[in-house]
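Trainee: Residue numbers (my numbering): 179 to 365.
Because the hints were derived from the structure by calculation, they are not lab data. It is possible that some hints are incorrect.
[To be verified] Cβ pair distances, simulated, as ranges:
no.	residue 1	residue 2	range
1	L288	G209	34 to 40 Å
2	I213	R302	40 to 46 Å
3	W298	P207	47 to 53 Å
4	A334	L204	41 to 47 Å
5	G236	G198	39 to 45 Å
6	A206	Q278	24 to 30 Å
7	A206	A309	42 to 48 Å
By construction, the Cβ of each residue, glycine as well, lies at the ideal position given by its N, Cα and C atoms.
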Amino acid sequence: TLLGVVYGTASSMHRETKSGTLARLLIAPLGFGRIVYAKLLLRAVIGAAQMLVLLVWGRLVFGVSLGTSPLAVVLICLLTGFAAVGLGAFVAGLGRSDAQVLPLTMAIVLPISAVSGLWWPLHRQPEWMQAVANAAFPTWAMQGVTNLVLRDRGLASIGAPSAVLLAQGLLLMILGVWMFRLRVATR
179 TLLGVVYGTA SSMHRETKSG TLARLLIAPL GFGRIVYAKL LLRAVIGAAQ MLVLLVWGRL
239 VFGVSLGTSP LAVVLICLLT GFAAVGLGAF VAGLGRSDAQ VLPLTMAIVL PISAVSGLWW
299 PLHRQPEWMQ AVANAAFPTW AMQGVTNLVL RDRGLASIGA PSAVLLAQGL LLMILGVWMF
359 RLRVATR
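Given only the sequences and the hints, what does the whole structure look like? Please build it.
Mentor: Okay, structure coming up:
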């Protein structure tokens, strides 16, 4: 899901530039920022829905518990989707063209996924990798989901992960949109 959301977000931003849609947004009465952020928020909801579908599938097919707080599950999914879209906007800001988006996405998402404990447990990694993992939002998303699904700790257990996901999502999104707008404005 992470790879798909990041790539889909970055790629769609570049496709809109190529098709001329973004140029029209720059002169829209609502303003470039409002429209782009609204589109990004919609992508975050779609990413959260994808994550929820995977969790529900795990529940229905494999009997995986989703914990006792459906609100907490939805919240951690929304914030994870938000952070992933923020990373997608950042990748779009880094890339000069749609052709650069996929290699950039892979170069960023794959190492982050490995370090964050998405491929193997964090406690199996060397200490230096565990320290680096704390700087990456997927680590916090995994911690939040683990607290809900495996430990059944409820809404209170996702406070810190939620704060990190929100903060990193905002930072990446604002920085990404700013870089992307600079790139679009110079064309």
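Trainee: State for each hint whether it applies.
Mentor: Hints and how they fare:
A hinted range of 34 to 40 Å holds for the C-beta pair L288 and G209, which are about 35 Å apart. Against the hinted window of 40 to 46 Å, the Cβ-Cβ separation of I213 and R302 comes to about 44 Å, which satisfies the hint. A C-beta distance of roughly 50 Å is found between W298 and P207, which places it inside the suggested range of 47 to 53 Å. Between A334 and L204 the beta carbons are some 44 Å apart, a value that agrees with the proposed interval 41 to 47 Å.
Checked against the hint of 39 to 45 Å, the C-beta distance between G236 and G198 comes to roughly 42 Å, which is consistent with it. For the pair A206 and Q278, the beta carbons lie near 26 Å from each other, so the given range of 24 to 30 Å is met. At about 44 Å, the beta-carbon gap between A206 and A309 stays in the expected band of 42 to 48 Å.
The structure meets every hint from the earlier list without exception.
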